[in-house]
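Student: Going down the list, the protein sequences come from chains A, B and C. According to my numbering, the first sequence holds residues 137 to 296 in order. According to my numbering, the second sequence holds residues 3 to 294 in order. According to my numbering, the third sequence holds residues 13 to 432 in order.
The hints are simulated quantities; they were obtained by calculation from the structure and are not laboratory data. A couple of the hints might just be wrong.
Stated by the list, open to error - Here are the simulated lysine to aspartate or glutamate pairs, DMTMM-like style, with alpha carbons at most 25 Å apart: (1) B/Lys196 - C/Asp190; (2) C/Lys236 - C/Asp206; (3) B/Lys47 - A/Glu180; (4) C/Lys123 - B/Glu213; (5) C/Lys34 - A/Glu155.
For clarity, every value in this text was computed on a predicted model and none was experimentally measured.
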Amino acid sequence: MKRIQLKVNGKVYEVDIEEDMRLLDVLRDKLHLTGTKEGCGEGECGACTIIMDETTVNACMVMAFQGEGKEIITIEGVKGDHDLHPIQRAFLEEGAVQCGFCTPGMVLSAKALLDQNPSPTRKEIREGISGNLCRCTGYNQIVNAIEKASQYLRGEETKE
Amino acid sequence: MEIKEVFQTKEIKKTLEILEYYQHQCKIIAGGTDLIIQLREGKEKPIALVDISNIEELKEVKETAEWIEIGSAVTFTQIIGISYLQNKLAALVEAAASVGSPQIRNAATIGGNICNASPAADCIPPLLALDAIVVLQRKNIIREMHLEDFITDKGKAALEADELLTKIKFKKLQINQGLGFSKLGFRKALAISKISTAVYIDREQNNRCKEIRIANGALGRCGLREKKVEEYLLEKTLDKTTIHQGGIKLKEEIEKRLHGRSTVAFKKEAVIGVFQKAFKKALECCDTEGSI
Amino acid sequence: MKLEIVGENVIRVDGLAKVTGKATYPQDLYVDDMVFGKTLRSKKPHAFVKLDISKAEEISGVIKILTYQDVPNNHHGVLFKDHQVFCSKKVRSIGDSLAFVIATSEKAAEKAVAAIEVTYEEIEGVFDPIEAMKEKAPKVHDDGNILYHYKLRKGDAENAFEKCDVVVEGEYKTSMVDHAFLQPEAGLAYKEGDTIVVCAATQYPHFDQLEIAEALQLPLEKIKVINTAVGGAFGGREDITMQIHLALAVKVTGKPVKTVYSRQESFEAHSKRHPMIMYYKTGADNNGKLMAMEAKIIGDTGAYASWAINVLRKAGVHATGPYEISNVKVDSYAVYTNNPFAGAMRGFGAVQVPIGHEQQMDMLAEKLEIDPITFRLMNCFKVGSRTATGQVLEESIPLQKCIEEVAKAMDFEQKLEGAV
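Chain A extracted, bound-state conformation (with noise of 0.2 Å):
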């Protein structure tokens, strides 16, 4: 056992570890963060993805310890101005959410590229959620969410 402080979506928690704990555990079983998900532990399927420290990471495949000193953000850590994310707004309108298991993992690949990529290609897009696995979808509702998304961050209108 071990107490480590994690700061998660701005947030400082002080917590109890088990020294094999992964960080996804103890974001769901400890932090009750339960929007980030398991769906393969081995980093295949990004169902896990959080950002650390501005970039995607997959919290299946680091360690509990490993987060202390990090900013982590999680899907409970994203909102918009007034509510909803303008990538979680696109993604509604566009039908990027089916079963959405992939969904909050999705958003946040989207949103470490588009935070350093705010104009990106179809292709860039494609390349930026290639680590995250969608079995609804086709992946093709969820570039257009995240290329309406990019419009609506530069203040663009979209056709609609």
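Place chains B and C on chain A using the hints.
Tutor: Leaving out everything else, chains B and C in the frame of chain A:
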């Protein structure tokens, strides 16, 4: 897994003390993308883990007059982003960019890729082709070794229990020297290499091959050099016929090495194309100006 | 008339919860005092099996280990009750459930699962459905391995082939496919008064309720199934996985019990798409009119029936593809083997057969020297067509238009010229 102690260190010295104390019972963790799976499958059972991903010294890439030095905790994403590597060392950048997915590249490190010595590790072939040297440090001793000698077998590296891989270095490329890389996987993202090949060429003025190093991944128990093919190509004129013959020679080697494996029928043919792509890119790279 | 929904872009009702990470899948449920369950699964495909749980029971944190002896009525299954909740004597495929450990922590449950001593007495298995159909093949269940035979007869195929100008034959195989829905199975069950509540992601809450009640021999109203958010299913959540295990665990221990499958366990626990072997013979006259078709389709349902009958019937019904043929003879079979069991998956048997009938169409077109689009247009279903099963298609058959549009969109004519 029964891990009792975990350490996040900020300096090499402290890390070496921990390694010296725990010896084989401690595992070094950086990106964790290989180790955490091994821990969960019970393939590794350390009692201590030491995280080196916060040691600034290990996260630097340095350029000196003659050498490029890459810290062992440098991530693939970092390598992809270094502007002075994009030109003469585009092949190394390409190999780094072909690893896993954005999430994996953000975490996984070049040192981890080397020390885990997976047969399919993507960065090993270009580093072997560059004849890279690994720098290993333990308390009071620093030693250097050719990467080729460091990787001994599938999943095995000549790293002592109290030793830390601190950096990988290789000589900068000059005009008429070039590096090429090509990879074959089942899909674009998250594909473990079926074949990856890197070729380094040093070209003479008369378009003959002064020196050549060919390294393959996923075509043996670990990343390895194709010395017989190299010998064969030495002093040959670098033209289409040579590239073609080199491919045939490599096919013969692979056929011998993978004899009896289910993949041999496919790989012995596919390797020709992968090799030729890497070879052509290496030749193009020879033409590229700039000293890196 | 103005339609409110059709043609409008509607935001799905559960979209907001999902896009904010608040949607609750069963693994996201945490209740006070909950304990954890872990399944012991067979590592052999066909074997008599004996368990010794004594050492596992001694492990600290273990509350109870459930085996077949704890199940009042040890059977379940969507069509036939050929699944056992826990195998009593014999395992029929890798992944079959043998026991369910209930413990105070996941780690303790995992340790105990590893500590259960399993003695396998291996029996010869059968993994090829063609072999399995033979009389002397090892029997997966007590009766023969041929679970179902569907016959479709229209006209006189045998006679019609003799009148055909061209006949092509082919053998086609499709492989086993997993749904790989992104959310691995998980569930939480607890007591609410004297009712057992099972929270799971399922395609059939009402049917799960019935299966749980039957297995536990409890009245239907004492079982409540709550369907949580479902992280993809595609047919793979139609059969029971952990629902009965959890309900039984609650009945025996009185405690809330949670279980979460790993990706690997998920692959072992749920159904697959039926691999099929298809023999096709199709004939046409020189004008390009389809005259006769004969097909034999063998579906490997693995160790359990699940929906095999419906799937292989559908494969048989759709065997002609969307083409009018006057003389048809189809035989489709569902066959038990010791492979992972097959069940429902998107398309339900209708997606395997196009591999066969469409390749047949291409080969016939080539022989007849008619381009494959024209050949399809000549024979495809239209309003008024009669299918092989005798159904008259009375309205809305826009296949012709669809084929024409696709041909246009892909520049078919131009590409065909380039290819010739």
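Student: Is the Cα-Cα distance between C/Lys236 and C/Asp206 25 Å or less?
Tutor: Holds. C/Lys236 to C/Asp206 sits at ~11 Å (cutoff 25 Å).
Student: Sort out whether C/Asp190 lies within 25 Å of B/Lys196, counting only the CA atoms.
Tutor: holds, 23 Å
Student: Need the status of pair C/Lys34, A/Glu155: alpha-carbon distance at most 25 Å?
Tutor: Violated. C/Lys34 to A/Glu155 sits at ~28 Å, over the 25 Å cutoff.
Student: Just to be careful, I want the Cα atoms of B/Lys47 and A/Glu180 compared with a cutoff of 25 Å; is the pair within it?
Tutor: holds, 23 Å
Student: Could you grab the alpha-carbon distance between C/Lys123 and B/Glu213 and see if it respects the 25 Å cut-off?
Tutor: violated, 56 Å
Violated hints, listed in ascending order, are 4, 5; each of the other numbered hints is respected by the structure.
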